[in-house]
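Number of protein chains: 2
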Amino acid sequence: MTAIVESAALQTWTADVFVRLGLHQEDATVVAQTLVEADLRGVGSHGVQRMTTYARGLRGGTIVAQPQISIVQDSGWAAVLDGGGGMGQLAAQRGMQLALERAAERGHGAVAVRNSGHCGAMAYYAMQAAQRRSIGLAVTNAGINMMPTGGSQKLVGNNPLAYAIPTGRDAPIVLDMATSVVAGGKLDVARLRGEPIPLGWALDGAGRPTTDPVAARQGALLPLGGPKGYGLAVVLDVLCGVLSGGRFGNGLGGPGSSHFFEALQIEAFTPYDDFLARIGELVDQLHACPPAEGASGVVLPGEPEHRLRAQRLRDGLPLEDTLIGELDDLAASLGAPRLEKKPPA
Amino acid sequence: MTAIVESAALQTWTADVFVRLGLHQEDATVVAQTLVEADLRGVGSHGVQRMTTYARGLRGGTIVAQPQISIVQDSGWAAVLDGGGGMGQLAAQRGMQLALERAAERGHGAVAVRNSGHCGAMAYYAMQAAQRRSIGLAVTNAGINMMPTGGSQKLVGNNPLAYAIPTGRDAPIVLDMATSVVAGGKLDVARLRGEPIPLGWALDGAGRPTTDPVAARQGALLPLGGPKGYGLAVVLDVLCGVLSGGRFGNGLGGPGSSHFFEALQIEAFTPYDDFLARIGELVDQLHACPPAEGASGVVLPGEPEHRLRAQRLRDGLPLEDTLIGELDDLAASLGAPRLEKKPPA
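Residue numbers (the working numbering), protein chains in the order written: chain A, 1 to 345; chain B, 1 to 345.
In short, the hints are calculated from the structure, not lab data.
Here the structure is a predicted model, which is why all the values come from computation and not from measurement.
Heads up, some of the hints might be wrong.
Unchecked claim - Some residues of chain A that are not near chain B, with every Cβ distance over 12 angstroms (derived):
{"hint": "1", "residue": "94"}
{"hint": "2", "residue": "264"}
{"hint": "3", "residue": "334"}
Said to hold, decoys possible - Going by beta-carbon spacing under 7 angstroms, a handful of chain A positions derived as facing chain B:
{"hint": "4", "residue": "75"}
{"hint": "5", "residue": "77"}
{"hint": "6", "residue": "104"}
{"hint": "7", "residue": "107"}
{"hint": "8", "residue": "226"}
{"hint": "9", "residue": "235"}
{"hint": "10", "residue": "243"}
{"hint": "11", "residue": "337"}
Yeah, the Cβ is synthetic: ideal placement off N, Cα and C, and Gly gets one too.
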């Protein structure tokens, strides 16, 4: 069972909760926006569902509520930020904004971030570049959840990357993907439904292939395409953790993570209108592709999420009753009002 | 059956063949080096095996033997090159060199290349950045060989990317991967051996899953991880073809392709020695991972190729007799000497 919540109401409510958890108002607004945007785009695993975990971190002191975010090294086009151990969204947003400022001055900017935390869906950051005539790249390392190819111990995360590219059409191209076959959240979905998972998604705690989502959660995710996913996860760990001087490799067993953001202005390569004409042609080619049997047609990466967002902005967001219960409990523990549900139509 | 050929002799012989096909001596040397390096690293699909195809293109006029490579747009840190319709290796090498020159001056360089051709293994270009204290990225678009997710017509290539990262150890980290489940060359290997291919590698000409490597070659490769591989292939096509104003999308049905090269100097983010200390720690962690059952242990991306190269530099390269026959025929048609084989030990 689900209830419907207006996204604007959800965002205000979420920001209020984070203020009560000790964040500055403007920081709480940033965090709330990243979470609600993920829910709008149908990426519930990175939406308000994360709030109880974040609240535990803020209350337990593993997340600093009012972090000092500082520039550690500055080379003009490139910089390294220290996130001060705060909510990852705050350091990530500063990182992407700094990369975009430098790109506005110089055509390109890149920022590595250390001493940050879980920062939600990477698409949120990359998409800001696409709004400024730039190609955006946003990367983070994740907690350790995969075994390297040939190994029997978890040592790499399924580190995700997001690319965003303007198209001049309704939806930018947005690719946001983890380097595992599936995200960990899919195991939880199967568990809640009491369904097995396909072989090839994960290993159990003893490193054996499994179809049991519970055993898989105690085991390891499998890297996308075996050595390809493992290799890409290592490269992204270097861009984030090794470049920034933050956590990487088995250091990610502890709290805190590292990110990498880059913005490339398209005008540095080609007149923007020419770029839009060409990419529009690519979008049209793909849209015109005859559908495969049983499929409804071809979409560009990020297009379904874009459509869902428009629909959910209009009609509201469906949230599971169990989730709403958790959120209301959290609010009650902070003396905050309950989340306002939309009356049934 | 194979014969052994000294890599130095193979390189001299290969360059001589390309001179006879109309290339300038220094260009022939560049092409020969990229091919022999691929063979040394065990990537035979991008080695001298390609020579007969290149020769057909050069003789048929679809590849310009002495191309004019020119700068189309120059923004300092970024540039676009036109490859003049020549061998892709020449434009790609100029592109990576230009990106590295700009990175030497400014810390960062990126070059998109259009009107180029098949340029061999991307690792060759990315690795040049790793030799200059930089993280290198090399991307190309490929001929159309995959269907977009949900579509029934081939419209994207299994566009590969290569990252190279210095480690301060013997081997740099080198990830060179196509965005399909397997490279097309693996279908040919199965066909030559008369073996079926696993389901999940490819579709037949009617878009149905197949285990027949011959039917698969007339069909389509499957993208790595479905929508992830499709999405990544689209993004890489944008970086190469759309950014440069070269061929992209279904334009890749014709000859010619586009590339993208980037170099990020590590010192722009962190002192180089600190970076080496950290990445050495990551390498050590991965090497120390207990092996999975039946596996010999964990290697970093590019490490097996690095070891094989050292062994083949010392002991010579094994080439299949059928390939040697093809190469000797090519040489004979150009009045060139036969390839010199190493006498059996």
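Any hints this thing doesn't respect? Which numbers, in order?
Going through the list in order, the structure violates hints 2, 6, 8 and 11 and respects the others.
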